[in-house]
Amino acid sequence: TIRGPAIIGEKTRILNSYVGPFTSIYHNCLIEESEIEHSIMLEHSTVRGLPHRLEDSLIGRNVEVARSPLKPKAYRLMLGDNSSVGVL
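In our numbering, the protein residues as written are 804 to 891.
Among the hints, a few may not be true.
[Said to hold, decoys possible] What follows is a list of derived Cβ distance ranges for each label pair:
{"no.": "1", "residue 1": "Ile805", "residue 2": "Pro854", "range": "16 to 24 Å"}
{"no.": "2", "residue 1": "His830", "residue 2": "Leu891", "range": "25 to 33 Å"}
{"no.": "3", "residue 1": "Lys874", "residue 2": "Ile810", "range": "36 to 44 Å"}
{"no.": "4", "residue 1": "Arg870", "residue 2": "Thr804", "range": "17 to 25 Å"}
{"no.": "5", "residue 1": "Leu818", "residue 2": "Pro872", "range": "17 to 25 Å"}
{"no.": "6", "residue 1": "Lys876", "residue 2": "Pro808", "range": "31 to 39 Å"}
{"no.": "7", "residue 1": "Leu882", "residue 2": "Gly807", "range": "24 to 32 Å"}
{"no.": "8", "residue 1": "Ala877", "residue 2": "Arg851", "range": "15 to 23 Å"}
{"no.": "9", "residue 1": "Val866", "residue 2": "Phe825", "range": "13 to 21 Å"}
Just so you know, these hints were derived from the structure itself, not from any lab.
Ideal Cβ positions, reconstructed from N, Cα and C, are used throughout, including at glycine.
When you get a sec, could you build the whole thing from the sequences and use the hints?
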């Protein structure tokens with residue numbers, strides 16, 4: 804489901820997912836079994852199998868955001884300079 808306004812680039816695949824308003828997804832991306840809104844996703848990136856909605860986010864090029872089946876459950880982050888992460 805796509806609820807605009809939204810921009811979807813060429814060769815981007817959206818499979819069993821929700822793309823909410825004010826979202827821009829560049830070329831050659833994949834969103835599968837996930838929800839995203841109020842976000843920007845740059846080219847060749849993937850969002851797959853997230854249990855909660857991804858919102859107010861900026862996802863760079865060639866990035867993979869996916870649910871991991873490994874336990875114990877933990878946050879695993881690689882953050883660049885001047886990054887900010889909010890965890891609820």
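Practice problem: Find the hints from earlier in the document that the structure breaks and name them by number, from lowest to highest. | Solution: none
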